[in-house]
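Peer 1: As a plain string of letters, each chain reads:
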Amino acid sequence: MSLDYIRAGTTEDAIAALIRGGDDAKVVAGGTALVLMLQEGFIAPRYLVDIGRIAALGGIRDVGDAVIIGATTTLWQVMTSPLVGRRLPVLVGALGRVATVRIRSVATLGGNLAHGDPRLDPAAVLLALDASVRLAGPDGERWLGLEELFVDELTTAIGPAELVVEIRIPYPDPSSRLTYRKLVGQTMDDYGVVNVAARLDVDDGRCRDARLVLGAVAATPIRVPAAEAVLRGAGIGPAVIAQAAELAREAADPVGDLRGSAGYKCDMVVVEVRRALTELASGPGGPATPAGRWSDS
Amino acid sequence: MGCVQTYKRVHNGPRMTVHPNNRSAAPGSVSSRLDVHFELNGSPVDLTVEASDVVCDVLRDQLDLTGTKFGCRIGVCGLCTVLLDGMPASSCLLLAPMLEGRRLTTIEGLGSDGRLDPVQAAFAEEQGFQCGICTPGQILAARALLAHEPDPDEPRIRDWMTGNLCRCTGYASIVRSIRSAANRLAESGGPERSA
Ligand SMILES: Cc1cc2nc3c(=O)[nH]c(=O)nc-3n(C[C@H](O)[C@H](O)[C@H](O)COP(=O)(O)OP(=O)(O)OC[C@H]3O[C@@H](n4cnc5c(N)ncnc54)[C@H](O)[C@@H]3O)c2cc1C
Ligand code: FES
Ligand code: FES
Chain C
1 MSLDYIRAGT TEDAIAALIR GGDDAKVVAG GTALVLMLQE GFIAPRYLVD IGRIAALGGI
61 RDVGDAVIIG ATTTLWQVMT SPLVGRRLPV LVGALGRVAT VRIRSVATLG GNLAHGDPRL
121 DPAAVLLALD ASVRLAGPDG ERWLGLEELF VDELTTAIGP AELVVEIRIP YPDPSSRLTY
181 RKLVGQTMDD YGVVNVAARL DVDDGRCRDA RLVLGAVAAT PIRVPAAEAV LRGAGIGPAV
241 IAQAAELARE AADPVGDLRG SAGYKCDMVV VEVRRALTEL ASGPGGPATP AGRWSDS
Chain L
298 MGCVQTYKRV HNGPRMTVHP NNRSAAPGSV SSRLDVHFEL NGSPVDLTVE ASDVVCDVLR
358 DQLDLTGTKF GCRIGVCGLC TVLLDGMPAS SCLLLAPMLE GRRLTTIEGL GSDGRLDPVQ
418 AAFAEEQGFQ CGICTPGQIL AARALLAHEP DPDEPRIRDW MTGNLCRCTG YASIVRSIRS
478 AANRLAESGG PERSA
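If you read the protein sequences in the order shown, they are chains C and L.
Per this note's numbering, the first sequence starts with residue 1, numbered consecutively.
Per this note's numbering, the second sequence starts with residue 298, numbered consecutively.
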């Protein structure tokens, strides 16, 4: 079997190549996930369609109420963008927790979302930010919220000849408090044991709206609607936080692995949700990269 | 260390040394060849590669640049670190065709005959290495750090260098080397941003 490498010049070229290649074609963006799957024999495509050179898929732009990020923008470009730093510090913090500089400099935001791994840090925080993706394919374009995008482990709603074109992230309301927590058990660059993204929109000490997202403890990053419902309308104190944390435990369905048993992970869901909400109860929250922000000078 | 559970499944067996004019079609997985043009250590390179070749193999086997090491081949250890347009990247995860139009720096691109790059000199003076297998990657990662941030403190250094694993030094002397390199570069008028 041979492997053909196609460098697509435009989105249309890429879609045409994907249609031609059918099941045997794979998109490659940064390649950090794809090359691993290729090397390990998880996938054996006959055509690789490189979208890294398509100008229309790059860039970061302000559209007033949201930022739109081109699919092939690298995680490093996103986290060092002054606009993203100003409007979405929680995203900067989460991107700073992805693996190492070597991965962040090459991996793309579109590739991260398209990969569909439940442990991915950007995926969880973007779910809490109500982000959506624009897809382009043989039947035209459509927008999809991340909840619809993530279907199952390594499975997304992206069609076989569809591309993620861009990611839209609405700016959080000024009343929004956001945080992202990643619990690692071994080294800082490991995948999380439990990831928690939380958002509380707070008016006069009451929570108007909430998002609680768990990563790494189910087949996809998941929202916890039951916990969100408890938080909504409540004053955020220890009792409601404890209740939300228990509801999160019930929603989690982790698999035991070298990062811990399923039981341990469930316990850590409770602890991490409690920590996240306690942090938000006491203030606006903020980005936490271990060593502060980076800028791409 | 993402992906540890899949470590054993990674193909890391003996590989044939392949030369540009002497490629035998490996049975089972032949990928079509294609040309790639990029800048390597300041000089233009035209190369014919296979679609599935990864950059660390091309460097070592095809270009005889063995300063780039490899260990895990899954992006975790940092031995294969190169600079892609000035930023650290794991060359075990880069497909060679992805280099098209890009600027690649390997350890061979630092310093010149008889003259060490200031970061190399600092590693030598501060004993930033012992066995040395991680050193090309450490030095390139440090070079990129200092190009972005000429005067990093220790937490910044440790954050940036996370995942450039070293089994020998315990990292303290690596951090010291990078601080010393920052001072050397400041004295010599700042880092060359072209690395
Ligand atoms: C050592 C290591 C450690 C890691 N640690 C972390 C971590 O701690 N946290 C974390 O969040 N992630 C981690 N990752 C995962 C990393 O973030 C992803 O591999 C990366 O974001 C994928 O982006 P890419 O551009 O490299 O995608 P690629 O590898 O190019 O593609 C990934 C998948 O998405 C598809 N695809 C890519 N772009 C598109 C598109 N625009 N439209 C449709 N399909 C597309 C590809 O066909 C492929 O199936 C780690 C990866 C490695 C190798
Ligand atoms: S060989 Fe370990 S990161 Fe590439
Ligand atoms: S010097 Fe031996 S691994 Fe770093």
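No lab work stands behind these hints: they were computed from the structure.
Some hints here could point you the wrong way.
[To be verified] The calculated SDA-like cross-link candidates involving lysine to any residue, where the alpha carbons are at most 20 Å apart (straight line), are:
id	chain 1	residue 1	chain 2	residue 2
1	C	K26	L	S329
2	C	K26	C	A16
3	C	K26	L	K366
4	L	K366	C	L36
5	C	K26	L	G429
6	C	K26	C	R46
7	L	K366	C	Q39
8	C	K26	L	R330
[Said to hold, decoys possible] These stretches of chain C come out as covered by chain L in the derived footprint (C-beta under 8 Å, 3 or more residues):
id	region
9	2-11
10	26-36
11	99-110
12	238-250
[Said to hold, decoys possible] Here are some chain L residues the structure puts well away from chain C; computed CB gaps all over 10 Å:
id	residue
13	R370
14	F426
15	W457
16	S470
For clarity, every value in this text was computed on a predicted model and none was experimentally measured.
Positions of the beta carbon are idealized from the N, C-alpha and C atoms, including for glycine.
Peer 1: Next step is simple, just say for each hint if it's right about the structure.
Peer 2: Hint-by-hint comparison with the structure:
no. : hint              : result
1   : C:K26 with L:S329 : holds (16 Å)
2   : C:K26 with C:A16  : holds (12 Å)
3   : C:K26 with L:K366 : violated (29 Å)
4   : L:K366 with C:L36 : holds (18 Å)
5   : C:K26 with L:G429 : violated (38 Å)
6   : C:K26 with C:R46  : holds (8 Å)
7   : L:K366 with C:Q39 : holds (18 Å)
8   : C:K26 with L:R330 : holds (18 Å)
9   : 2-11              : holds (count 5)
10  : 26-36             : holds (count 5)
11  : 99-110            : holds (count 7)
12  : 238-250           : violated (count 0)
13  : R370              : violated (7 Å)
14  : F426              : holds (19 Å)
15  : W457              : violated (6 Å)
16  : S470              : holds (20 Å)
When each numbered hint is compared with the structure, violations occur for hints 3, 5, 12, 13, 15.
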